[in-house]
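Engineer: The primary structure of each chain is shown beneath.
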Amino acid sequence: MLVEHARNLAGIADAAHAEYGPGGTPVITLLECSLQDQTITVDLAPGSLLARLYGTDRVTEATTCSYGLSPEVQHIAGEHGMRIAATDATGEVRAIERVAHPFFIGTLYQPQLRSTRGSPHPVFLGLLDAARAAM
Amino acid sequence: MRAVGVTVLIDLPADHRYNRATLAALQHASEDRRIPIDVRVVPTDAIRDASRIATPGSAVVIGPGSPYRDPDAAHEVVRKAREWNVPLVGT
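So the protein lines, in turn, are chains A and B.
For what it's worth, our numbering labels the leading residue of the first sequence as 903, then goes sequentially.
For what it's worth, our numbering labels the leading residue of the second sequence as 4, then goes sequentially.
Since the hints were derived computationally from the structure, they do not count as laboratory data.
Bear in mind that the values here come from a model prediction, so they are computed numbers and not experimental data.
The beta-carbon is built from N, C-alpha and C at its ideal position, and this holds for glycine as well.
On the chain B side, residues computed to face chain A include the following (Cβ under 7 Å): (1) Val7; (2) Arg36; (3) Ile38; (4) Gly60; (5) Ser69; (6) Asn88.
Here are some chain A residues the structure puts well away from chain B; computed CB gaps all over 12 Å: (7) Glu974; (8) Thr989; (9) Asp990.
Whole structure, please, built from the sequences with the hints as guidance.
Structural biologist: Here's what the structure looks like:
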């Protein structure tokens, strides 16, 4: 999502994901500390859709990520219609969302890993609510 | 009630735990909200036309498991969803 955002909205036409090898401007790079098979606690941005979905301002989620938004271009997550929806204890971006979109959320964690039949995940509830509202 | 079409872009094998967790999370939400869903799993290298995936009235989930086989095709689906206000979550 951030590569598409960088290329088509943020003016970084050669934006690239470092996992695919050298070349271009790497906007997604290897995390200094891998989040593979860990949990992270993130602070949700006040007023964000993500915060409304969770109904709280801090959550702990499972993550399998080894790559994230490059520290060099963290600013693009808050520009050109994108908003930073969650940050971790280091202040780095862990979720994004588009401001003028009914539901456009990207997470650097995996909400589906915490969903259960008795406790469906709010992100997936929100996704279906938004799709139904558009029908 | 008409079912919500949900496309899951994921390149992992069907029995991979991330794949299973993604489909289960959709099912949990569907049951909780009583919103019927029609889910199709599409590997990124099987995307032929992004405009037939991010269609109005549908939803898109980008599952975990990069590197994707065809990241540019996935980016095109993201672009269509962004431009056409199609609900999308990328995990």
